[in-house]
Amino acid sequence: MKKETRKIQSLLVANRGEIAIRIMNTARKMDIKTYAIKTSKEPNALYLSHADEIIDFSESLEEISEFLDIERIIEAAKQHKIDAIHPGYGYLAENPYFAQRCDDEKILFIGPSPDAIYKMGNKTIAKQLARKYKVPLLEGSTGNVSSVAEAIKIAREIGYPVILKAAAGGGGRGMRIVEKASQMEKMFRLASNEAQKAFNDPSVFIEKYVRNPRHIEFQVLADQYGNTIHLGERECSIQRKHQKLIEESPSVALTPKLREKMGEAAVAIAKSVRYYSAGTVEFLLDANQNFFFMEMNTRIQVEHPVTEMVTGLDLIEQQIRIAQGEKLEIMQSDVKLKGWAIECRINAEDVQAGFAPNLGIIEKISFPVGKNIRIDTGIQEGSPITPYFDSMVAKLIVYGENRNKAIANMINALEKFRIRGIKTTIPFHKAVMHNKAFQKGDLSTSFIEKELTQLYYQEPDEEMLAACIAALDYAAEVQEQEGSNVDSSLGKDLDPWVLNKRLKSM
Amino acid sequence: MAFGFSSRKEEPLYIAQSATGNNYVIKFDTKGELRVNRKITDLTLSDENGFTYIHYKKAKYPVEILEKHHNKYVILINGVSYTISVETPFSYKRKKRLDQQKTESKTELILAPMPGKIIEVLVEENTIVKEGDSIAILEAMKMQNEIIAHVSGKIKSIHVKAEETVNKDDVIVEIEK
Amino acid sequence: MDINGKIFQEFLARNERYAQQFTREAAKTQHAKGKLTAHERIELLFDPGTFEEIDAFSLSADAGFGKSIKAFGDGVVIGHGKINGRLAFCYAQDFTIMGGSLGSVHARKIQKIQDMALKTGTPLIGLIDSGGARIQEGIASLAGYAGIFYRNVQSSGVIPQISVIMGPAAGGAVYSPAITDFVFMTNKTSYMFVTGPNVVKEVLNEDVTFEDLGGAMIHARKSGVAHFVYEDEENTILGVKRLLSYLPSNNMEDPPFADTEDLGFRREEKLRALIPDDPNKAYDVKDVIKLIVDKGRFFEVAEYFAENVVVGFARLAGHTIGIIANQPKVLAGVLDIDSSDKAARFVRFCDSFNIPLLALEDVPGFLPGLNQEHGGLIRHGAKLLYAFADATVPRVTVILRKSYGGAYCVMNSKNLGGDFNYAWPTAEIAVMGPEGAVAILYKKELAEAKDPKKLKKELATRYREEIANPYIADEKGFIDEVIDPADTRNKLITAFEALRKKHVTPPERKHGNIPL
Numbered sequence: 001m002k003k004e005t006r007k008i009q010s011l012l013v014a015n016r017g018e019i020a021i022r023i024m025n026t027a028r029k030m031d032i033k034t035y036a037i038k039t040s041k042e043p044n045a046l047y048l049s050h051a052d053e054i055i056d057f058s059e060s061l062e063e064i065s066e067f068l069d070i071e072r073i074i075e076a077a078k079q080h081k082i083d084a085i086h087p088g089y090g091y092l093a094e095n096p097y098f099a100q101r102c103d104d105e106k107i108l109f110i111g112p113s114p115d116a117i118y119k120m121g122n123k124t125i126a127k128q129l130a131r132k133y134k135v136p137l138l139e140g141s142t143g144n145v146s147s148v149a150e151a152i153k154i155a156r157e158i159g160y161p162v163i164l165k166a167a168a169g170g171g172g173r174g175m176r177i178v179e180k181a182s183q184m185e186k187m188f189r190l191a192s193n194e195a196q197k198a199f200n201d202p203s204v205f206i207e208k209y210v211r212n213p214r215h216i217e218f219q220v221l222a223d224q225y226g227n228t229i230h231l232g233e234r235e236c237s238i239q240r241k242h243q244k245l246i247e248e249s250p251s252v253a254l255t256p257k258l259r260e261k262m263g264e265a266a267v268a269i270a271k272s273v274r275y276y277s278a279g280t281v282e283f284l285l286d287a288n289q290n291f292f293f294m295e296m297n298t299r300i301q302v303e304h305p306v307t308e309m310v311t312g313l314d315l316i317e318q319q320i321r322i323a324q325g326e327k328l329e330i331m332q333s334d335v336k337l338k339g340w341a342i343e344c345r346i347n348a349e350d351v352q353a354g355f356a357p358n359l360g361i362i363e364k365i366s367f368p369v370g371k372n373i374r375i376d377t378g379i380q381e382g383s384p385i386t387p388y389f390d391s392m393v394a395k396l397i398v399y400g401e402n403r404n405k406a407i408a409n410m411i412n413a414l415e416k417f418r419i420r421g422i423k424t425t426i427p428f429h430k431a432v433m434h435n436k437a438f439q440k441g442d443l444s445t446s447f448i449e450k451e452l453t454q455l456y457y458q459e460p461d462e463e464m465l466a467a468c469i470a471a472l473d474y475a476a477e478v479q480e481q482e483g484s485n486v487d488s489s490l491g492k493d494l495d496p497w498v499l500n501k502r503l504k505s506m
Numbered sequence: 001m002a003f004g005f006s007s008r009k010e011e012p013l014y015i016a017q018s019a020t021g022n023n024y025v026i027k028f029d030t031k032g033e034l035r036v037n038r039k040i041t042d043l044t045l046s047d048e049n050g051f052t053y054i055h056y057k058k059a060k061y062p063v064e065i066l067e068k069h070h071n072k073y074v075i076l077i078n079g080v081s082y083t084i085s086v087e088t089p090f091s092y093k094r095k096k097r098l099d100q101q102k103t104e105s106k107t108e109l110i111l112a113p114m115p116g117k118i119i120e121v122l123v124e125e126n127t128i129v130k131e132g133d134s135i136a137i138l139e140a141m142k143m144q145n146e147i148i149a150h151v152s153g154k155i156k157s158i159h160v161k162a163e164e165t166v167n168k169d170d171v172i173v174e175i176e177k
Numbered sequence: 001m002d003i004n005g006k007i008f009q010e011f012l013a014r015n016e017r018y019a020q021q022f023t024r025e026a027a028k029t030q031h032a033k034g035k036l037t038a039h040e041r042i043e044l045l046f047d048p049g050t051f052e053e054i055d056a057f058s059l060s061a062d063a064g065f066g067k068s069i070k071a072f073g074d075g076v077v078i079g080h081g082k083i084n085g086r087l088a089f090c091y092a093q094d095f096t097i098m099g100g101s102l103g104s105v106h107a108r109k110i111q112k113i114q115d116m117a118l119k120t121g122t123p124l125i126g127l128i129d130s131g132g133a134r135i136q137e138g139i140a141s142l143a144g145y146a147g148i149f150y151r152n153v154q155s156s157g158v159i160p161q162i163s164v165i166m167g168p169a170a171g172g173a174v175y176s177p178a179i180t181d182f183v184f185m186t187n188k189t190s191y192m193f194v195t196g197p198n199v200v201k202e203v204l205n206e207d208v209t210f211e212d213l214g215g216a217m218i219h220a221r222k223s224g225v226a227h228f229v230y231e232d233e234e235n236t237i238l239g240v241k242r243l244l245s246y247l248p249s250n251n252m253e254d255p256p257f258a259d260t261e262d263l264g265f266r267r268e269e270k271l272r273a274l275i276p277d278d279p280n281k282a283y284d285v286k287d288v289i290k291l292i293v294d295k296g297r298f299f300e301v302a303e304y305f306a307e308n309v310v311v312g313f314a315r316l317a318g319h320t321i322g323i324i325a326n327q328p329k330v331l332a333g334v335l336d337i338d339s340s341d342k343a344a345r346f347v348r349f350c351d352s353f354n355i356p357l358l359a360l361e362d363v364p365g366f367l368p369g370l371n372q373e374h375g376g377l378i379r380h381g382a383k384l385l386y387a388f389a390d391a392t393v394p395r396v397t398v399i400l401r402k403s404y405g406g407a408y409c410v411m412n413s414k415n416l417g418g419d420f421n422y423a424w425p426t427a428e429i430a431v432m433g434p435e436g437a438v439a440i441l442y443k444k445e446l447a448e449a450k451d452p453k454k455l456k457k458e459l460a461t462r463y464r465e466e467i468a469n470p471y472i473a474d475e476k477g478f479i480d481e482v483i484d485p486a487d488t489r490n491k492l493i494t495a496f497e498a499l500r501k502k503h504v505t506p507p508e509r510k511h512g513n514i515p516l
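Residue numbers (our numbering), protein chains in the order written: chain G, 1 to 506; chain B, 1 to 177; chain E, 1 to 516.
Extracted from the complex, chain G is given alone in its bound form (with noise of 0.2 angstroms):
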């Protein structure tokens, strides 16, 4: 852990789309040099006009990705002298040896050290950390169960409902929720299968399932210093298969004691590791104001962008100065949640078919504008949605000075959203900002089962205009047919020498 203050000149941003263009924004307030990664699927990509210099991979053969590919992006940065790299999300956030190499190769990494990385992106050790430090946890398993005898013998202690998970990964895979004894046998293969699938480990560990559990996870700021503060909480309860979909800054389940109590909570979590920069605390909160410790995520999230709305701060330039060296300036007391911010991750899906991807080209695009509406996008007019990459089309970030005010301000925003070209899940956003429970604040993991009784929203007389577009059209084209613009006597007018010639061949 490096204690002396290093002025950052130049930085490396190791990722793409969105994330990168924010992460170079702020690096460019700061007068800081960027770097860009060229790739070969998207060498017109937005991000790369947004950085100083642009490194090309796109020449690369390989089959692994140019964002995973370590010793690549090392030898780029040590070639071109770069100070730092900023790994984003996802790729090699939460890569311990690469931030390992960087260590190494004297790159500064903006994120932890590559021990807390480690420890936390290890369930088990996490957990015990948890426990070491007195954070409440799901009880369950210590360490990986190994046999269905086993796990019937802990679920017994802990009680049913209970839930078989992956050690070696998560994103819903090589989870089964266990309701009685005689489902565990079948539960346990299934779970153990698909983990060996995913994360080529079939090792489980059992835990306490709760109910319709809301998901609230807490922002953590720490210098290298030890000074450790949070910066409140965030609601990510509406997700569906795992994956988050609108997360929302403060929660109305927190009071001020209970996001005292978490806040501490997450505090000791992170500085279990000795944790510096920015990370979040994942916890489950059942119906009784019990929380639990869930996971910590030692990168800068997705979703970071409500927190910096109900603060004011830029979380990317804190981490930028924590890595330099700096002292944190802000302390506990001088975090204060104001008014009420939402967003909503508008992705390339098609929800009427289940939110498949819909891939094709963005052809024209119109943003919502305002001084209470932030977009966070990687996209442009002509930008193409491939496989390659995930589907997010843009990050609609909303404030308002109370909840019901960001909500009103949301549909809004999301009305205003135009985009030709591709299906967006905008009209699911707008089921759920239309929903009574969710207007009531009534959330939980299982919203969207629970709640939605229709996953898209329809405007009033949506379908009936539908109809009237098709009939008028299709009315239009009858009338073409029946009176011509074909004038069929201009094929008689022939030319002397064609007809002489005609006339000749037959």
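Treat the hints with care, since some could be wrong.
Restricting the straight-line Cα-Cα distance to at most 30 angstroms, the calculated cross-link-like pairs of lysine-lysine (BS3-like) are [claimed, not checked]:
| id | chain 1 | residue 1 | chain 2 | residue 2 |
| --- | --- | --- | --- | --- |
| 1 | E | LYS501 | G | LYS504 |
| 2 | E | LYS290 | B | LYS60 |
| 3 | E | LYS270 | G | LYS364 |
| 4 | B | LYS177 | E | LYS201 |
| 5 | G | LYS364 | B | LYS130 |
| 6 | B | LYS72 | E | LYS295 |
| 7 | E | LYS329 | B | LYS106 |
| 8 | B | LYS161 | E | LYS501 |
| 9 | B | LYS161 | E | LYS329 |
| 10 | B | LYS130 | E | LYS286 |
| 11 | B | LYS95 | E | LYS222 |
| 12 | G | LYS364 | B | LYS68 |
| 13 | G | LYS38 | E | LYS201 |
| 14 | E | LYS444 | B | LYS95 |
| 15 | B | LYS117 | G | LYS371 |
| 16 | B | LYS117 | G | LYS197 |
| 17 | B | LYS72 | E | LYS270 |
| 18 | G | LYS364 | B | LYS72 |
| 19 | E | LYS457 | E | LYS281 |
| 20 | G | LYS186 | B | LYS72 |
| 21 | B | LYS39 | G | LYS364 |
| 22 | E | LYS82 | B | LYS68 |
| 23 | E | LYS270 | G | LYS41 |
| 24 | E | LYS329 | B | LYS117 |
| 25 | B | LYS57 | G | LYS416 |
| 26 | G | LYS450 | B | LYS130 |
| 27 | G | LYS450 | G | LYS208 |
| 28 | E | LYS454 | G | LYS78 |
| 29 | E | LYS33 | B | LYS117 |
These are computed hints drawn from the structure, not numbers from a lab.
We have chain G already, so just place chains B and E on it with the hints.
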């Protein structure tokens, strides 16, 4: 000899059927008014900055004709798509009558159009598919070809799996209509 | 003449008896099946008030077995009228009269109208809805068919002939449509087969339904007999009208000009983005077509058959052209037996009727395999080659991407007589594709290489750049110009304009011997 019958009228009438089963009787009367299910409906279209909008009452919705095949349309309005088929009174009655009769066989076979290797099977048994949905990816001639369902129905059985080589006309899946 | 006198009253009464033949009940029975009557179809097809029926009062011939039914018209309506202001002849079989069966008078009427159409150089449209030959008239019915077929052949290539199947067409009756230029079918209410399900059951003990044996979609998809299928009769007739608007009335005329409100030059930058960078990725060639032609309107022919080639009519600056385009989305756009047949017939039709041809090429070759070779790919592929070479209408080619081997020659290449041959910068013209070529040329190096996959990829890229690039063909004169995709429409408009008075005198012979 003079013909007494005429199905062409001065006031064209269409029945727009949506895939959800709703019918809209759309008539253009002699005064040039548009009537939907008998109600006078005042709507206009406008083109602004590359987007087409429909104006109705106080609303302004972006619209697009995504697909058109003869009299079948897929209309995108506010990012939501609607499948509409525009029928005349006669073709509407005809459609109803024909849907009641089932003279075709129940099971449809989807065959491999050429020899190649199945890269991926995209459906499972009992998956409901629509006409036009992808069923599998077949690699041949160094290109990836989508095998498309040309009828709607339920996947009755899958005869291939990934990495398997197939010949032309081998059965890929059976669809129960 | 005294209008109240016997003579005139007799005249009116006779007309009344004719009208009464077409009862409401009969019409209802037809409607109940989702079908229109012959008169209703004619009403839809022709401009109001322009149809003149002739031979309405022809009486059915005497028949054997004592099964004579005398009906005016003998189950078919013939006549002429205007379709969108242009003269056309038509016969419409009437299923409500003796099941539309063909008796000798019925046949004679059809032959009469065929003769008139041929004499006057006017298109002929047949609306077919018939139970087949009238059994009780025996050989007279069969001879009737033969007479119709004879005239179909005499008119072939002289006037456009369109068959619209709107009911059954069985046995010998199917050969008339087969000879005509285009076959329309109405889905679910029309059938075509040589031998019906009953006989199939008797002889082969196989159970097949009408639909499976010869329904509209079977002929659209599998046999290629039907060029157009619509879901109902009104749309079918609308389709016929649309087709006619592209065609001249006879083989001496040029196709009609249409003011499409899109007659001018237009750059389309979207065309540059349509071809994917990865040569193994497909795209829809219809997207290319829609960006080039007037108003993006493309009237596709045989869209469900041999989908690896796309053929159809469109307009460029108001003038009709026939388009033949390989479809990379299906079978990688290769040519095979069915697609060669489909494209060849279309080329022959356009050539007969002075319709210029446009070939959009992206073809990696012919489909390999036992099925194709044993099925006679050699003969069928040669058909398309022959059709292009024999065509004397203006023919222009644009190579969009791949053009390998024999398929390069076949798709209207320069030395096959192509008038203008263009290529996009993405064109790859070579004896064979990069992977195959490299495997042969560098066999030794690849066998010895440490990482053969990587080497192959590098060599393939070099091959594309150095051997297959279109500039070599340009320099050697096999391509007239490598063009910016955005300029395609404009180049084509000027090309066809320059060729408008093209005329080539074919060699003196009765007719060639096209491989069949």
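The hints, checked one at a time:
no. : hint                 : in the structure
1   : E:LYS501 to G:LYS504 : holds, 15 angstroms
2   : E:LYS290 to B:LYS60  : holds, 29 angstroms
3   : E:LYS270 to G:LYS364 : holds, 13 angstroms
4   : B:LYS177 to E:LYS201 : holds, 24 angstroms
5   : G:LYS364 to B:LYS130 : holds, 29 angstroms
6   : B:LYS72 to E:LYS295  : holds, 19 angstroms
7   : E:LYS329 to B:LYS106 : holds, 29 angstroms
8   : B:LYS161 to E:LYS501 : violated, 57 angstroms
9   : B:LYS161 to E:LYS329 : holds, 22 angstroms
10  : B:LYS130 to E:LYS286 : holds, 22 angstroms
11  : B:LYS95 to E:LYS222  : holds, 24 angstroms
12  : G:LYS364 to B:LYS68  : holds, 21 angstroms
13  : G:LYS38 to E:LYS201  : violated, 66 angstroms
14  : E:LYS444 to B:LYS95  : violated, 65 angstroms
15  : B:LYS117 to G:LYS371 : violated, 55 angstroms
16  : B:LYS117 to G:LYS197 : holds, 22 angstroms
17  : B:LYS72 to E:LYS270  : holds, 26 angstroms
18  : G:LYS364 to B:LYS72  : holds, 25 angstroms
19  : E:LYS457 to E:LYS281 : holds, 16 angstroms
20  : G:LYS186 to B:LYS72  : violated, 48 angstroms
21  : B:LYS39 to G:LYS364  : violated, 35 angstroms
22  : E:LYS82 to B:LYS68   : holds, 28 angstroms
23  : E:LYS270 to G:LYS41  : holds, 19 angstroms
24  : E:LYS329 to B:LYS117 : holds, 17 angstroms
25  : B:LYS57 to G:LYS416  : holds, 18 angstroms
26  : G:LYS450 to B:LYS130 : holds, 27 angstroms
27  : G:LYS450 to G:LYS208 : holds, 22 angstroms
28  : E:LYS454 to G:LYS78  : holds, 26 angstroms
29  : E:LYS33 to B:LYS117  : violated, 45 angstroms
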